[in-house]
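Novice: Chains C and P, in that order, give the protein sequences. Convert by adding 131 to the 1-based position in the first sequence; the result is the number in the numbering used here. Convert by adding 5 to the 1-based position in the second sequence; the result is the number in the numbering used here.
Warning: the hint list may mix true and false statements.
[Said to hold, decoys possible] List of simulated lysine-lysine pairs, BS3-like, C-alpha gap at most 30 angstroms:
hint, chain 1, residue 1, chain 2, residue 2
1, P, K53, C, K234
2, P, K53, C, K230
3, P, K365, P, K53
4, C, K160, C, K230
5, P, K256, P, K330
6, P, K213, P, K366
7, P, K124, P, K213
8, C, K234, P, K63
9, C, K160, C, K234
10, C, K230, P, K63
11, P, K366, P, K63
12, P, K367, P, K213
13, C, K234, P, K124
14, P, K63, P, K124
15, P, K366, P, K124
16, P, K124, P, K367
17, C, K230, P, K124
Worth flagging that the hints you see were computed from the coordinates, not collected in a lab.
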Amino acid sequence: MVALGSWFIVLFLVVLYLSMANEIERFRKWLWLALWSIPLGYVAAEAGWIVAEVGRQPWAIQDLMPVGIAATNLASVNVKISFFMFAILFTILLIAEIKIMLKQIRLGFEGGRHV
Amino acid sequence: MFESWSLEALQVYWWVIVSLLGGLLVFMMFVQGGQTLLFFLSENELEKSVLINSLGRKWELTFTTLVLFGGACFAAFPLFYATSFGGAYWVWLLILFCFIIQAVSYEYRRKPDNFLGQKSYEAFLYINGALAPFLIGAAVSTFFSGSPFALSENFFPLWQTPFRGLETLLVPYVYLLGLALFFLSRIGASLYFINHVNEVSIRQKARKAVLRNTLYFLPFFLAFLGWILTKEGWSYDLSGGVSVESYKYAKNLLALPWIGVMMIAGVGGVLLGIYQGALTESSRGIFAFGAGVVLCVMGVFLLAGLNGTPFYPSYTHPEDSLTIKNASSSHYTLSVMAYVSLLVPLVLGYITYVWRLMDKKKITTHEVGGDSHLY
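So here's chain C without its partners, still in its complex pose:
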C-alpha cells in the first residue's frame, strides 16, 4: 500500500507536468503506465482496509469493544440471503456497466453521448 502510494505520487507529478506542458500524447509509455495503474488504486484501497481491520484484532473499537461482542446476533440465514441479494444485484449492475462502457468506447468521442 505504501509502495503503491509512493508510485501514485510519482505518476501524478509526471502526468501533471506532461499535461501542463501539453505534451502528454507524445509519451505513450506514460499513458500505458497510467492506464495500468487504475487497478492498483483498488489494490491499495483493499490493502488499507486489511491493515486496519486485521491490525486491530481482537478489537472492533480499540481497547473498548472486542469483535466477539460487536458481531451481529442476526441469524446466519439472514446474512446469507443478504449476501446473495447483494451478489446478484451487483453482478447484474456490473454487466450493465461494462456493456455501457464498452459501447461508449466503441462509439468514441464523435458518436458518444454525454456521460
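Once you have looked at the hints, place chain P on chain C.
Specialist: For chain P alone, coordinates are given in the frame of chain C:
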C-alpha cells in the same frame, strides 16, 4: 457555549435537529413521488425524459438528506441507530436496495447497450418512488406503535421476531402514514414539476395531479393524526421506569402547545401550496408546501420524543424502550457536535443558492430533445 449546557438540554437540542432533518427528508421525497408520476404526466417519450431530467437535478439532494438523517441518528442517538438498523434489519435493507436501483437508473436509463433496457430502469424508478416513502412512513410509525425488541446487557438489540422489522407490516396502523407519505410525495412532485418544467401540457396535468393526490392523501393523514392522538403511549420517569399512559401523545400536545402551533402552521403551508398549485396559475406552490411539510413532520417527531416519551418504544419489553436520555451520546460528543450543527444554516444556504442557480433556466422539451439527454 454548548459545553455549559446540561446533558438534558443537549439531548433535546439534538432531537430537534433530528426532527428537522426528518422533515427535510420527507419534503425532499417529492423526487420519489415524481418517479411514480412519470407515466401519468407525460404523453410521449420526450415529455417523460423532460420529467426524469427535471428530477435528475434533485435526486442526489434527497439521497444525501436521507444519509444525513441516518448519520445524525448514529452520532446523536447511537443506541437508537444500533437498535433500529441492526434490529429492524430487513426493513432497512429493503430501503437500501430500493435506493441502489434508483441511483443506477438515472445514469443507465438512456445509455445504449444498458443490458436491462430502458423500461426496466423506469420500473426501478417506480419501485423506488413507491416503496421508499411507504417504508419510511411505516418506519416512523413504529415511533408510535412500538417494536418488538429487548436489549441485552451489552445493549445489543434482541429482536423478538425472526422477521426483523417486516412484522411491522402486519400492524394495520403503520399503513396510514406509509400511504399518506406516498401520496404526499406525489403532491410535492406535481408542485415541483409545475415550478420547474416550462411545458404547458405537463403543467396542466400536474395541477390536476395535485388535486387528485390531495384527495387520496387527506384521509390517510387525518386517520394517522386521529390514531396517534387517541392511542395510549408510553412514558418514562426520572428513574427510567416506563409505564403505559392513555392519550399520551394528545397529552404531549397539550403540555407543549408550541408543537401544536407549529403543526397548524405546517398544515396551513401545505394547504396554501396545494391551493396555489391546483387552483391558481402560480408556479410557486412548492415553497409554501415544502415549508409546511417540514414543520408538520418536525411536530410529529417532537410529539414522539419530548415530554418524557420514549421515541422508540418496545411493546414486548417496555422497560428497554429508547428515550432521548438513554439512547443519546455522551455530553462531550453532543456538545462538540452541537458546534458542528451551527454549520447547518450554511449548508441550507448553499443548497438554496445552488437550487436557484440550477433552476434559473426552467427545463423544456426543447432543451432535453435531440441528442443532449443527460439522463
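Novice: For every hint, state whether the structure bears it out.
Specialist: Hint by hint, here is what the structure shows:
no., hint, result
1, P:K53 x C:K234, "24 angstroms, holds"
2, P:K53 x C:K230, "24 angstroms, holds"
3, P:K365 x P:K53, "21 angstroms, holds"
4, C:K160 x C:K230, "28 angstroms, holds"
5, P:K256 x P:K330, "20 angstroms, holds"
6, P:K213 x P:K366, "24 angstroms, holds"
7, P:K124 x P:K213, "26 angstroms, holds"
8, C:K234 x P:K63, "28 angstroms, holds"
9, C:K160 x C:K234, "26 angstroms, holds"
10, C:K230 x P:K63, "27 angstroms, holds"
11, P:K366 x P:K63, "15 angstroms, holds"
12, P:K367 x P:K213, "20 angstroms, holds"
13, C:K234 x P:K124, "19 angstroms, holds"
14, P:K63 x P:K124, "21 angstroms, holds"
15, P:K366 x P:K124, "29 angstroms, holds"
16, P:K124 x P:K367, "26 angstroms, holds"
17, C:K230 x P:K124, "17 angstroms, holds"
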